[in-house]
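Sequences and hints are given; from them, build the entire structure.
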Amino acid sequence: EYRVPEHCYSTPSNLVGAGTPKSTTPIKSAEEVTKVTWKLRLRVAPQDTDYAIEIDNTGSIAELKEALVKHGDIKPDSVVAQNSDRAKMRIMHQGSELKDPDLLHNTKVTNNSVVQIFVRR
Numbered sequence: 250e251y252r253v254p255e256h257c258y259s260t261p262s263n264l265v266g267a268g269t270p271k272s273t274t275p276i277k278s279a280e281e282v283t284k285v286t287w288k289l290r291l292r293v294a295p296q297d298t299d300y301a302i303e304i305d306n307t308g309s310i311a312e313l314k315e316a317l318v319k320h321g322d323i324k325p326d327s328v329v330a331q332n333s334d335r336a337k338m339r340i341m342h343q344g345s346e347l348k349d350p351d352l353l354h355n356t357k358v359t360n361n362s363v364v365q366i367f368v369r370r
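All letters in the sequence shown, in the order written, are residues 250 to 370 by the numbering used here.
Rather than coming from a laboratory, the hints here were simulated on the basis of the structure.
Computed from a predicted structure; not experimentally measured.
Please note that a few of the clues may not be correct.
[To be verified] Calculated pairs, PhoX-like style, for lysine-lysine (alpha carbon to alpha carbon, straight line, at most 25 Å):
id: 1; residue 1: K288; residue 2: K337
id: 2; residue 1: K348; residue 2: K284
id: 3; residue 1: K357; residue 2: K277
id: 4; residue 1: K277; residue 2: K288
id: 5; residue 1: K348; residue 2: K277
id: 6; residue 1: K319; residue 2: K337
id: 7; residue 1: K348; residue 2: K337
id: 8; residue 1: K288; residue 2: K357
id: 9; residue 1: K319; residue 2: K348
id: 10; residue 1: K284; residue 2: K319
id: 11; residue 1: K284; residue 2: K357
id: 12; residue 1: K288; residue 2: K319
id: 13; residue 1: K337; residue 2: K284
id: 14; residue 1: K357; residue 2: K337
Below, the structure is given as structure tokens:
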């Protein structure tokens, strides 16, 4: 059981108990969300090259990876062109790795966000 340290002036109000769910944000399906086109900037490491992508907020992370692979500005010598396998791409946003089945509107990604992509060689 957690005990509040003596140096605290008041009892914290945001303690998580054993029966408290981890997330209170409801996960919505693509049908429950208004479809909006978002502009995202994908920053690909290790080259730190930015690509502007437009994708629906109801799309998945797998669709975001596919949009990057099919992007028209990718040069033949870039990391993405040489390693276009989506399984080698890891997408990070605000310190969290986003998995392929995740839908964009259920993540912290918003319109005009910068999303970091790491490509394994």
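Structure-based check of all given hints:
no.	hint	verdict
1	K288 x K337	holds, 23 Å
2	K348 x K284	holds, 21 Å
3	K357 x K277	holds, 13 Å
4	K277 x K288	holds, 21 Å
5	K348 x K277	holds, 16 Å
6	K319 x K337	holds, 16 Å
7	K348 x K337	holds, 12 Å
8	K288 x K357	holds, 14 Å
9	K319 x K348	holds, 19 Å
10	K284 x K319	holds, 22 Å
11	K284 x K357	holds, 16 Å
12	K288 x K319	holds, 16 Å
13	K337 x K284	violated, 29 Å
14	K357 x K337	holds, 22 Å
Figure legend: structure checked against the earlier numbered hints; the only hint not met is number 13.
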